[in-house]
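Engineer: Listed below are the residues making up each chain.
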Amino acid sequence: AQKVTQAQTEISVVEKEDVTLDCVYETRDTTYYLFWYKQPPSGELVFLIRRNSFDEQNEISGRYSWNFQKSTSSFNFTITASQVVDSAVYFCALADYIPTFGRGTSLIVHP
Amino acid sequence: ETGVTQSPTHLIKTRGQQVTLRCSSQSGHNTVSWYQQALGQGPQFIFQYYREEENGRGNFPPRFSGLQFPNYSSELNVNALELDDSALYLCASSLGGQANYGYTFGSGTRLTVV
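Going line by line, the protein sequences match chains L and C. Using the numbering used here, the letters of the first sequence map in sequence onto residues 1 to 111. Using the numbering used here, the letters of the second sequence map in sequence onto residues 1 to 114.
Possibly wrong hints are sitting among the right ones.
[Claimed, not checked] Restricting the straight-line Cα-Cα distance to at most 35 Å, the calculated cross-link-like pairs of lysine-lysine (DSBU-like) are: (1) K13(C) - K38(L); (2) K70(L) - K3(L); (3) K16(L) - K3(L); (4) K16(L) - K38(L); (5) K13(C) - K3(L); (6) K16(L) - K70(L).
[Claimed, not checked] Residues of chain L clear of chain C, computed beta-carbon distances all greater than 10 Å: (7) A7; (8) R28; (9) S74.
Keep in mind that the hints were calculated from the coordinates and are not lab data. Virtual Cβ for every residue (Gly too), placed ideally from N, Cα, C.
Produce the entire structure from the sequences given, and follow the hints as far as they go.
Structural biologist: What follows is the structure in structure tokens.
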């Protein structure tokens with residue numbers, strides 16, 4: 001069975017701080033995909049990134065960066081110089097076919 | 001390119017009633033997946049429809065059922081509503097059922113059962 005653990009329920013930071021959201025996963029599959037989604041108060045899940053299990057290269061996109069480590073089954077997400085607009089719930093998901101989501105981390109960025 | 005639209009946005013129903021939620025998939029997408037998101041939880045997979053056939057189902061009872069139409073839009077039906085069915089119901093469309101195709105989510109229908 002697949003499982004995604006996001007141990008941080010809520011993180012509160014002040015604007016311009018860096019913040020890392022943790023994601024640990026469990027799977028027996030050798031081929032799988034990992035995702036991060038952002039859910040603003042409006043409700044829709046906004047896709048941020050997809051990685052396949054064979055690509056451990058870290059990725060940076062503007063203020064966002066992702067660290068994928070198969071050795072520790074982790075796929076962590078860092079926001080550099082956080083902004084108030086980053087306030088949302090962030091979900092990590094794992095899929096061999098259908099995505100399984102973690103419980104999410106609520107990020108609150110204070111001005 | 002239009003995204004995924006869901007209707008209605010909010011709904012209040014009484015325990016025991018039946019409800020139908022609707023989803024229009026993104027243009028060009030042939031697969032629709034439905035998720036239930038309880039308050040403070042992550043989305044839970046209900047089922048997926050690919051070319052009008054059910055293509056996978058999560059751990060939900062048979063009173064949760066669905067349809068997909070020739071234009072790839074979809075309905076989620078829930079019979080004999082229970083209080084625990086109160087949740088945000090999310091629809092996602094994709095070109096194919098596999099996660100690597102990328103899912104586009106709608107804004108959801110907030111169902112409250114009283």
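Engineer: Compare the distance between the alpha carbons of K16(L) and K3(L) with 35 Å, and conclude whether the hinted pair is satisfied.
Structural biologist: Since the Cα atoms of K16(L) and K3(L) sit roughly 32 Å apart, the hinted pair holds (cutoff 35 Å).
Engineer: Would the non-interface assignment of S74(L) survive a Cβ cutoff of 10 Å against chain C?
Structural biologist: holds (17 Å)
Engineer: Can you confirm whether the C-alpha distance between K13(C) and K3(L) stays at or below 35 Å?
Structural biologist: Holds. K13(C) to K3(L) sits at ~32 Å (cutoff 35 Å).
Engineer: Is the hinted pair K70(L) and K3(L) satisfied, with a Cα-Cα distance of at most 35 Å?
Structural biologist: Measuring from Cα to Cα gives roughly 15 Å; hence the hint holds.
Engineer: For the pair we were handed, K13(C) and K38(L), check the Cα-Cα distance against 35 Å.
Structural biologist: holds (29 Å)
Engineer: Just checking, A7(L) versus chain C, shortest CB gap more than 10 Å?
Structural biologist: For A7(L), whose nearest Cβ neighbour in chain C is about 13 Å away, the distance exceeds 10 Å, so it holds.
Engineer: Next pair to validate is K16(L) with K38(L); report whether the Cα-Cα distance is within 35 Å.
Structural biologist: holds (19 Å)
Engineer: With the threshold set at 35 Å, check whether the alpha-carbon distance from K16(L) to K70(L) stays at or below it.
Structural biologist: holds (30 Å)
Engineer: Find the nearest Cβ of chain C to the Cβ of R28(L) and say whether that gap is larger than 10 Å.
Structural biologist: Per Cβ check, R28(L) is outside 10 Å of chain C; nearest 16 Å; holds.
In this structure, none of the earlier numbered hints is contradicted; all agree with it.
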